[in-house]
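Student: Chain by chain, the residues run as shown.
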Amino acid sequence: MENEKAARNKKIRHAIMIIFLTLLFIAFVFPFIMVIINVFKVKADITANPLALIGKHGFTLENFPNAVKKMNFFLSFGNSLFITILSTIGTIILSSMTAYLIVRNNWKANKILFVLMIASMVIPFQVLMIPLVSLYGGIFGVLNHRITLIFMHIGFSLSMATFMFHGSIHTNVPISLEEAATIDGCNKWQIFSQIVFPILKPTIATVAIIDAMAFWNDYLLPSLVLGRKELYTIPIATKVFYGTYSTDTGLIMAALLLAMLPILLLYLFLQRYIVEGITAGAVK
Amino acid sequence: MSYKLKQYLLFAGVSTVIFACVVIIPFIYGLYLTFTSWDGVSRSKPFVGITNYVNAFADAGYWTSLGRTFIYSAIAVILVNAVAFIIAYMVTSGIKGQNFFRAGFFVPNLIGGIVLGYVWKFVFNKALVSLAGSISSGQAKSLLATETGAIAALIIVSVWQYAGYMMLIYVAGFMSVSEDVIEAAKIDGCTGTQSIIHISIPLMTASFVQCLFLTITRCFMVYDVNLSLTNGDPYGSSALAAMHVYNQAFVNKNYGTGQAEALILFVICAIIGGIQVYVGKKGEVQA
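As they're listed, the protein sequences go chains A and B. The opening residue of the first sequence carries number 1 in the working numbering; numbering runs sequentially from there. The opening residue of the second sequence carries number 1001 in the working numbering; numbering runs sequentially from there.
Keep in mind the hints are simulated off the structure, nothing from the lab. Treat the hints with caution; some may be incorrect.
List time: in silico DMTMM-like cross-link candidates among lysine to aspartate or glutamate, alpha-carbon distance up to 25 Å [as the list claims (entries may be wrong)]:
hint, chain 1, residue 1, chain 2, residue 2
1, B, Lys1141, A, Glu178
2, B, Lys1006, A, Glu178
3, B, Lys1006, A, Asp184
4, A, Lys10, B, Asp1188
5, A, Lys5, B, Glu1179
6, A, Lys43, A, Glu4
7, B, Lys1006, A, Glu62
8, A, Lys5, B, Asp1233
9, B, Lys1096, A, Asp45
10, B, Lys1004, A, Asp248
11, A, Lys10, B, Asp1233
12, A, Lys11, B, Glu1147
13, A, Lys10, B, Glu1183
14, A, Lys5, B, Glu1183
15, B, Lys1126, A, Asp248
16, A, Lys70, A, Asp248
17, B, Lys1096, A, Glu276
18, A, Lys11, B, Asp1188
19, B, Lys1126, A, Glu62
20, A, Lys69, B, Glu1147
21, A, Lys188, A, Glu178
22, B, Lys1186, A, Glu4
23, A, Lys5, B, Asp1188
24, A, Lys11, B, Asp1180
25, B, Lys1126, B, Asp1233
26, A, Lys11, B, Glu1183
27, B, Lys1126, A, Asp45
28, B, Lys1141, A, Asp248
Model, not experiment: these values are computed from the prediction.
When you get a sec, could you build the whole thing from the sequences and use the hints?
Tutor: In structure tokens, the structure reads:
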């Protein structure tokens, strides 16, 4: 009797939660739905009624090729991809190596580096942007290169990534395994690359997801470094495009959808790993 | 070369150089810049003493934007974490489709602030105006057209953007609270709400500290959504501190003053971060 009542209560509670979450979910996807239903309309229809599913002038696909051409979509997509991939790989390799050195050797230089890295996490980007432009633009003259941006991306993400690898090596890599490898004649580099690095796979995935998303979506730093049109990444291309065509609503909708599409498609396939990766990154 | 030096250079040499070039040297150089009046182009950087700090303290626009950032951050941080915590609780309670909800609420985090801002600009200016117009007969006005409305819009977008991410951290927190403890509390007569307040929340201090740290720093440095959603409009009334610093330097060409203002922002961030870590550590010991 008691059990039956408890089970019924639980059912009711779950039903209420599902209804609440569904309503919230609808509110959450509302902006995306607005973009999707308006991307297939002509400008006049969007102005007349942005909420209508189909406009009076019917269904159009014209916005897409126009937007692709005018925002130079494939070029900026390629730039974003190149910059994101190289920055992510660089961050992972360098930060995991640094973290390994710091965890396994209690040297003064290591401690200083680690403390500086942790302290630097509270520096807002606004403090560094003016000196960066002054140094790299004025003195070295290396702005307007994708490599410069990759270099800076790595520099900014090193601290957090090293911190995460530090924790992971500490808890997941048994020291006895390394000792055994030493006896077998491995040197430090071989131990790291053949034993430690493969064990770090889950953390590598987490760092890769968090950093790749940050690099792909970054606007302020790329906008300061990449001033030339042929170097634009997707966020910059969207910004410039919006400024030029902000009154052409249909075109804007297509551009926004195009800017979102690559990462949404990727998420569709890797969704489980991404959610798990972020969740794993949270437990420390 | 000694063994130590060789090992250091092999494993951390490149990292140290990049970290120094991108973070440490610019930070120190930035300190130096606050004592000069650089015009952004020329090689000469005349030394001007503390003029920039005097200007920064006299810049009413800066302090207004900073105050606004505080209000925006306070409200956004509370709402983001409240919403995230409630969702996290629900999607860990064993209901049907909880993985779907987890994946779904995370989606806004995938998309960059610039794009999000423009999407919401359309929603506020067109879709919601049209929706309001169809419900009531009068002329509806966009939320973005008024001062408080624009800040409210920024808060709404921030909650929408960050809640999903923080939800995942809270989900990890809920999952780390062991079933046995909750079960024991139930046997002792705890109701569901009681066990959340007295057991789950204290045991999740680490999650709270992490989420608060992340949301506070993100809110304090937000720039791209601010740029694309409101661009400081109407009449500069929604410009947050980061935007003010950017405009001071790159629009008004007052690099020295902009840098001094950025440094004040840093000091504030460092103080908040310090307090938070301190309070969080204390809380963890109690739990």
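Student: Name the hints, by number, that the structure is in violation of.
Tutor: Hints 1, 6, 7, 8, 9, 10, 11, 12 and 20 not satisfied by this model.
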